[in-house]
Amino acid sequence: MLTAPTPAPVATLSNAGLMLMVQSARSNLRRVLNHPAFTPERRQKAEDLISKSTDAAQLMKWKALAIAESEKWEDAQLEKEARELGPAAHPNYLY
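When the letters of the sequence shown are read in order and numbered with the UniProt record's numbering, they come out as residues 1 to 95.
Hints may contain errors.
As the list claims (entries may be wrong) - The list that follows gives simulated cross-link-like pairs (lysine-lysine, DSS-like), each with its CA atoms no further than 30 Å apart:
1) K80 / K63
2) K72 / K52
3) K63 / K52
4) K45 / K72
5) K61 / K80
6) K61 / K45
7) K45 / K80
8) K72 / K61
9) K63 / K45
Hints listed in this document are in silico derivations from the structure and should not be mistaken for laboratory results.
Go ahead and model the full structure; you've got the sequences and the hints to work with.
Okay, here's the thing in structure tokens:
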């Protein structure tokens with residue numbers, strides 16, 4: 001009677017894969033938080049949570065929220081700059 005070959009330990013492989021996902025999600029979130037929309041104090045508070053989290057899905061949700069917040073910050077900055085513009089330095093030049 002033939003027996004099936006013993007498979008590799010799946011739990012070990014999936015644990016390694018999950019840890020890789022968590023490390024990648026942490027790294028990506030940290031990069032997003034380097035945006036000027038986030039103060040050093042907020043980055044430090046976030047770092048405490050990021051370091052403790054082992055849930056890649058939660059880290060990716062935080063990343064999506066951080067991206068949305070940085071986009072709102074950029075839109076607000078652009079609106080502010082547009083309001084502050086005075087008359088053109090060279091009115092005949094089409095900007």
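Margin query: Could you work out which of the previously given hints the structure breaks and list their numbers from low to high?
Written below: Nothing - there is no hint that the structure violates, so all of them hold.
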